[in-house]
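Let's have the full structure, built from the sequences with the hints guiding it.
So you can see what is in the structure, the chains are spelled out below.
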Amino acid sequence: MSPVTAMYVAQAIHGLTYGMLLFLVASGLTLIFGMMGILNLAHASFFMLSAYFCYQVVAWTDSFWIALILAPIGTGLVGIIVERFLLRKVQKLGLGHIGDLLLTLGIALVISEAVKTIWGTESHQVLIPPSLQGLVTVAGLEYPIYRLFIIGLSLVILGALAFILFKTRLGMIIRAAVSDRDMVSALGINMPRVFMFVFGVGTLMAGVAGVAAAPMLTVFPGLADQIGLDAFVVVVVGGFGSLLGAVVVSLFLGELNSFGIQFIPRLAPVLVFLFMALVLSFKPMGFFGERDE
Amino acid sequence: MRKVLKSVSFFIFLCLTASLFLIGPALAGGEFKLEDMSDMSDFDPNNFQNPTGDTFKIGVLQIFSGPGAGNGELFWITTCWVAHDINKRGGIMIDGKKKLIEVIKGDTMGKPATTKKAAEKLVLEDKVDVLWGTSGSHLALVIQGVADRYKKIFHQSLSMSDSLMDEKNFNKYTFQTMWSTNQVGETTAYFYSQRKKEKKFYIICQDYLFGHSLAESFKKGLTKYYPEAEVVGEDYHPLFAKDFAPYLTKAKASGAEVIFTGDWLPDGGNLVKQARQLGVNVPFANIFIDEPNALSAIGPEGTKGLVNLNQYMGDANNEKGMAFGNKWKELWETKWEAPYNTLLYKWPGGTIGYAVETTYWMLDVFNRAGSSDPEKVIKVWEGDVYKGIGGNRLEMRACDHVVIRDTYATEYVYPNPWFTELSSGTEVFTIPAEKSMPVDGARCK
Amino acid sequence: MNKFVRNLIMWVVFLAVAGAAPHVLGIVKTNVLVELATFALFAVSLNLLLSFTGVLSFGHALFYGVGAYTTALLLYHVEGFPLIPALLLSGLAAGLAGLILSPLLVRVTGTAFAMLTLAFGQLMYILCLKFREVTGGEDGVAGYDIPPLNIPGVASLDMLDSTVFYYFTVVVCVIGIMIMWFFTKTPLGQVVVGIRDNSLRVDYLGYRVRHTKAIIFALSGFFAGIAGSLFALFQGVVSTDGVLHVMVSFYPIMAILIGGIGTFFGPILGSGILIVLEDMIMRYTERAELVTGLLFIIVVLYVPGGFVWLWMGLVARFKARKLRMSKEVEA
Numbered sequence: 009m010s011p012v013t014a015m016y017v018a019q020a021i022h023g024l025t026y027g028m029l030l031f032l033v034a035s036g037l038t039l040i041f042g043m044m045g046i047l048n049l050a051h052a053s054f055f056m057l058s059a060y061f062c063y064q065v066v067a068w069t070d071s072f073w074i075a076l077i078l079a080p081i082g083t084g085l086v087g088i089i090v091e092r093f094l095l096r097k098v099q100k101l102g103l104g105h106i107g108d109l110l111l112t113l114g115i116a117l118v119i120s121e122a123v124k125t126i127w128g129t130e131s132h133q134v135l136i137p138p139s140l141q142g143l144v145t146v147a148g149l150e151y152p153i154y155r156l157f158i159i160g161l162s163l164v165i166l167g168a169l170a171f172i173l174f175k176t177r178l179g180m181i182i183r184a185a186v187s188d189r190d191m192v193s194a195l196g197i198n199m200p201r202v203f204m205f206v207f208g209v210g211t212l213m214a215g216v217a218g219v220a221a222a223p224m225l226t227v228f229p230g231l232a233d234q235i236g237l238d239a240f241v242v243v244v245v246g247g248f249g250s251l252l253g254a255v256v257v258s259l260f261l262g263e264l265n266s267f268g269i270q271f272i273p274r275l276a277p278v279l280v281f282l283f284m285a286l287v288l289s290f291k292p293m294g295f296f297g298e299r300d301e
Numbered sequence: 012m013r014k015v016l017k018s019v020s021f022f023i024f025l026c027l028t029a030s031l032f033l034i035g036p037a038l039a040g041g042e043f044k045l046e047d048m049s050d051m052s053d054f055d056p057n058n059f060q061n062p063t064g065d066t067f068k069i070g071v072l073q074i075f076s077g078p079g080a081g082n083g084e085l086f087w088i089t090t091c092w093v094a095h096d097i098n099k100r101g102g103i104m105i106d107g108k109k110k111l112i113e114v115i116k117g118d119t120m121g122k123p124a125t126t127k128k129a130a131e132k133l134v135l136e137d138k139v140d141v142l143w144g145t146s147g148s149h150l151a152l153v154i155q156g157v158a159d160r161y162k163k164i165f166h167q168s169l170s171m172s173d174s175l176m177d178e179k180n181f182n183k184y185t186f187q188t189m190w191s192t193n194q195v196g197e198t199t200a201y202f203y204s205q206r207k208k209e210k211k212f213y214i215i216c217q218d219y220l221f222g223h224s225l226a227e228s229f230k231k232g233l234t235k236y237y238p239e240a241e242v243v244g245e246d247y248h249p250l251f252a253k254d255f256a257p258y259l260t261k262a263k264a265s266g267a268e269v270i271f272t273g274d275w276l277p278d279g280g281n282l283v284k285q286a287r288q289l290g291v292n293v294p295f296a297n298i299f300i301d302e303p304n305a306l307s308a309i310g311p312e313g314t315k316g317l318v319n320l321n322q323y324m325g326d327a328n329n330e331k332g333m334a335f336g337n338k339w340k341e342l343w344e345t346k347w348e349a350p351y352n353t354l355l356y357k358w359p360g361g362t363i364g365y366a367v368e369t370t371y372w373m374l375d376v377f378n379r380a381g382s383s384d385p386e387k388v389i390k391v392w393e394g395d396v397y398k399g400i401g402g403n404r405l406e407m408r409a410c411d412h413v414v415i416r417d418t419y420a421t422e423y424v425y426p427n428p429w430f431t432e433l434s435s436g437t438e439v440f441t442i443p444a445e446k447s448m449p450v451d452g453a454r455c456k
Numbered sequence: 456m457n458k459f460v461r462n463l464i465m466w467v468v469f470l471a472v473a474g475a476a477p478h479v480l481g482i483v484k485t486n487v488l489v490e491l492a493t494f495a496l497f498a499v500s501l502n503l504l505l506s507f508t509g510v511l512s513f514g515h516a517l518f519y520g521v522g523a524y525t526t527a528l529l530l531y532h533v534e535g536f537p538l539i540p541a542l543l544l545s546g547l548a549a550g551l552a553g554l555i556l557s558p559l560l561v562r563v564t565g566t567a568f569a570m571l572t573l574a575f576g577q578l579m580y581i582l583c584l585k586f587r588e589v590t591g592g593e594d595g596v597a598g599y600d601i602p603p604l605n606i607p608g609v610a611s612l613d614m615l616d617s618t619v620f621y622y623f624t625v626v627v628c629v630i631g632i633m634i635m636w637f638f639t640k641t642p643l644g645q646v647v648v649g650i651r652d653n654s655l656r657v658d659y660l661g662y663r664v665r666h667t668k669a670i671i672f673a674l675s676g677f678f679a680g681i682a683g684s685l686f687a688l689f690q691g692v693v694s695t696d697g698v699l700h701v702m703v704s705f706y707p708i709m710a711i712l713i714g715g716i717g718t719f720f721g722p723i724l725g726s727g728i729l730i731v732l733e734d735m736i737m738r739y740t741e742r743a744e745l746v747t748g749l750l751f752i753i754v755v756l757y758v759p760g761g762f763v764w765l766w767m768g769l770v771a772r773f774k775a776r777k778l779r780m781s782k783e784v785e786a
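Protein chains in written order, with this note's numbering: chain L, 9 to 301; chain E, 12 to 456; chain C, 456 to 786.
In case anyone wonders, no lab produced these hints; they're calculated from the structure. Every value quoted in this text rests on a predicted model; they were computed, and no experiment measured them. Just so it is clear, CB atoms sit at the ideal spot from N, CA and C, and this is done for glycine as well. Mixed in with the good hints there might be a few duds.
Taking beta-carbon pairs under 7 Å as the criterion, some of the chain E residues facing chain C (in silico) [said to hold, decoys possible]:
| hint | residue |
| --- | --- |
| 1 | Gly77 |
| 2 | Pro123 |
| 3 | Glu136 |
| 4 | Asn337 |
Straight line, CA to CA, 25 Å or less: simulated BS3-like cross-link-like pairs of lysine-lysine [said to hold, decoys possible]:
| hint | chain 1 | residue 1 | chain 2 | residue 2 |
| --- | --- | --- | --- | --- |
| 5 | E | Lys398 | E | Lys340 |
| 6 | C | Lys585 | E | Lys253 |
| 7 | E | Lys398 | E | Lys68 |
| 8 | E | Lys162 | E | Lys68 |
| 9 | E | Lys116 | E | Lys456 |
| 10 | C | Lys484 | E | Lys162 |
| 11 | E | Lys116 | C | Lys484 |
| 12 | E | Lys109 | E | Lys99 |
| 13 | E | Lys44 | E | Lys230 |
| 14 | E | Lys390 | E | Lys183 |
| 15 | E | Lys207 | E | Lys230 |
| 16 | C | Lys484 | E | Lys68 |
| 17 | C | Lys458 | C | Lys774 |
| 18 | E | Lys387 | E | Lys108 |
| 19 | E | Lys398 | E | Lys235 |
| 20 | E | Lys138 | E | Lys44 |
| 21 | E | Lys398 | E | Lys44 |
| 22 | C | Lys585 | E | Lys231 |
| 23 | C | Lys458 | E | Lys138 |
| 24 | C | Lys585 | E | Lys179 |
| 25 | C | Lys585 | E | Lys230 |
| 26 | E | Lys211 | E | Lys230 |
| 27 | E | Lys108 | E | Lys138 |
| 28 | E | Lys44 | E | Lys456 |
Pasting the structure below:
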């Protein structure tokens, strides 16, 4: 491979890595919105929380692999607790989006403060496990193993999610609930439990993303801010509740990021929001969205 | 008769010369003397005891809450250190009597509107004698406005924009001891022009005003000192970026020998970390990537070859500076608790060093003015020369209140006398002040 | 008559308290009141959209920012530009922005509207950062002179005097809020309420829904722009983060939610709570996020709909009890 081709291929894989990471965060957000109608402003905070859990588990056990399993589960549990004891109550009050908005913003602030109280304001570091360090060389292209691992991990999660959604009874209920919640409820299905499950899985996936991103980034209290906004764009443009939309738009934004930086670096950040404004102006519910609130 | 006149005039000349030697040191300004420093072994940054009664008050404007609260912690310890030392020496002379130093927090929350409120509260309610801070030029501008309005001295110690002291923004109450972007640009260019090892530079900066003006200054510096050098590419990434890979891949393909970056943390640390993960081993010339906690995660190998440029630098060959550093380190090893027990606080280098140094200077100026009357302080501080911790010369340029000082560059190596967890600088290269000047601000032209 | 007397008393009390405040409180707390008044005007302008067309904007900072930048740039570039024209032009500029965007905005409702306004708000934010030659980027526009208020032949009021500026702000904000209040009473305002409740029916009645909505956008934008202009005059610095950040859009939403949804005065109460809270936090604690976060959670769980509703609920319960007691007495 010539150096120039290698550069383009590398950029494409970078886009894929970031896109998949974004998908892990956005898919949870879109499922939660699509099914429960909740605009979860705390979603990225779960991402950050999981990165901190990861840091802590690594500090205790010295194993990234244990952290990869425990941290997302811990995050998912926190998510379940939040759903069971806070969100569910607020949903019952019937305030609509407005209540969720205030509540989830409140939760995001409390998580941020909790993280600072427990782990301090300084930044923490997580190392790539030794088995994933270094580069692989394929056809003259050097690429870090860890980034390939992120892509692989995300694909596994995507596969598992697709399997649950499209091949199981639970998945069928969830999909049905996305299009018509009341109807499903009328069929005598225990909706609160399904909601709890969806919220737990959504936060768990944000948690996986948090662990995967930790060795590439710095674990610090402001970690949640940026990826949260990007995930929001994905959900909005892809269409609320649409998993397919989340996949497509995440990957598109990932590649837009890579090649935008390669060719039009000055305009890259403007493009994202211009794109969002254009899509929404002409397709208000996003590319793959159906439901109108 | 003529002979008498001649001898008399010679005598007068002698007297004048002698008196110059006597008065000279007194006029020349202050000095940090390590032997005067009090025994700091009882200094506890977690439980700083403010004196009570009629005190001299410093209002520290920083982010003390929210995600950026670490900033506040950092400058809390530096200000309290100086206050503790001076208090044990008996305080400073204000209006004919010795006053102890009290340090009061002003939480800016990193927002302009809150910064204004916090500054006004410090001035009007807490009645501070001097305002101290802050990171972020847009916030520094807000405080400059408050200082101007209520005629209060503002020691601007942390913001770097060249425009802060230009014709439009200058006010006589503000004194900037932080170096500015032009100085950074010239320092970097001069260092590489003397070294003559690398010729191809790539610029990666944060996509906001500061990042862009830093890049401009660096390019200007290269034209001035090192015209043979070439900028092979430049990129600007959003603040708190997540993925630096696309920038690094571009930089690598450009054949750059050095990447110049003005990124502060966490961006700067993530940039170097991801570069090493991607197998991009180009050295980074930087001004903020000297934070040991972030660098220890990259390890000794990955941090080798980084070139740090700074206005204050620990230098193992500087006896005075080293003696001060060792006193600090001793307390760090034996006394301090979280958050002041991490690698960041091990040595008073970089940011910590110049914050401590310039705070000593500020109090020395007030002491020599003998008053907190701004007019008297301005008279002393304008054109003042102070000898810093390492015996280095600090001058407050009278025309625009901006500091003129030598600056430093160092290349990170391993092993080094500072850390076992990471590479760090041993040889310090001094860039003389006249080679790294701030732009001419208000009243200078 | 009874109502008139009650209103009269309320106004007298308000004027007395507002008039005496700066002399009792001192500069720092007077400045907090200035902020409160400006923020209340901003929140009410957002509430105008929410309550009277039923859509929630996530990008109201756009109008606030346009107003603030208009004032700052006018005063920066035009020497001796007078105060009132600067204020009004800023409002008009923001209102114009509302009109320009309205053809796109009127097409959507609900979540889509929120997201579209978020997108425009963010777009404006990033454009302002990019065009740093004009806006000064993150550092913003500073160093402009605040003009005095010249009333020809009467007086020239120095706006740098905190007390004078406080009175000026209060007068502007009260007028602004009153205009919005009376607007809801006019025939046009009633049509607008109709749009929220049943836009199809209003359409059948011969009113043009989209045109009417566009007027609301412009009006809401106008007053948000005035609030932004007051911010610029008060702060003396206008920076992108200060006036266009996404949190600037969220903050008035929070004021509405905490104060009271679906009421006119709720947002004003909410503004008061948030501003006073921020001041308290600045003074007494570094756990800003914990306090604010807990407040949000508690409000949503225990005071759903906001404090105005809590108050009205208490009043209703009190009246019911009085009624019951009087009935018991009769019995």
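Results of checking the hints against the structure:
{"no.": "1", "hint": "Gly77", "in the structure": "holds (6 Å)"}
{"no.": "2", "hint": "Pro123", "in the structure": "holds (4 Å)"}
{"no.": "3", "hint": "Glu136", "in the structure": "holds (6 Å)"}
{"no.": "4", "hint": "Asn337", "in the structure": "violated (32 Å)"}
{"no.": "5", "hint": "E:Lys398 / E:Lys340", "in the structure": "holds (22 Å)"}
{"no.": "6", "hint": "C:Lys585 / E:Lys253", "in the structure": "holds (20 Å)"}
{"no.": "7", "hint": "E:Lys398 / E:Lys68", "in the structure": "holds (24 Å)"}
{"no.": "8", "hint": "E:Lys162 / E:Lys68", "in the structure": "holds (15 Å)"}
{"no.": "9", "hint": "E:Lys116 / E:Lys456", "in the structure": "violated (37 Å)"}
{"no.": "10", "hint": "C:Lys484 / E:Lys162", "in the structure": "holds (20 Å)"}
{"no.": "11", "hint": "E:Lys116 / C:Lys484", "in the structure": "holds (18 Å)"}
{"no.": "12", "hint": "E:Lys109 / E:Lys99", "in the structure": "holds (12 Å)"}
{"no.": "13", "hint": "E:Lys44 / E:Lys230", "in the structure": "violated (38 Å)"}
{"no.": "14", "hint": "E:Lys390 / E:Lys183", "in the structure": "holds (10 Å)"}
{"no.": "15", "hint": "E:Lys207 / E:Lys230", "in the structure": "holds (16 Å)"}
{"no.": "16", "hint": "C:Lys484 / E:Lys68", "in the structure": "holds (21 Å)"}
{"no.": "17", "hint": "C:Lys458 / C:Lys774", "in the structure": "holds (17 Å)"}
{"no.": "18", "hint": "E:Lys387 / E:Lys108", "in the structure": "holds (16 Å)"}
{"no.": "19", "hint": "E:Lys398 / E:Lys235", "in the structure": "violated (29 Å)"}
{"no.": "20", "hint": "E:Lys138 / E:Lys44", "in the structure": "violated (30 Å)"}
{"no.": "21", "hint": "E:Lys398 / E:Lys44", "in the structure": "holds (9 Å)"}
{"no.": "22", "hint": "C:Lys585 / E:Lys231", "in the structure": "holds (22 Å)"}
{"no.": "23", "hint": "C:Lys458 / E:Lys138", "in the structure": "violated (47 Å)"}
{"no.": "24", "hint": "C:Lys585 / E:Lys179", "in the structure": "holds (22 Å)"}
{"no.": "25", "hint": "C:Lys585 / E:Lys230", "in the structure": "holds (20 Å)"}
{"no.": "26", "hint": "E:Lys211 / E:Lys230", "in the structure": "holds (12 Å)"}
{"no.": "27", "hint": "E:Lys108 / E:Lys138", "in the structure": "holds (18 Å)"}
{"no.": "28", "hint": "E:Lys44 / E:Lys456", "in the structure": "violated (35 Å)"}
The structure does not agree with the numbered hints 4, 9, 13, 19, 20, 23 and 28 stated previously, though it agrees with the rest.
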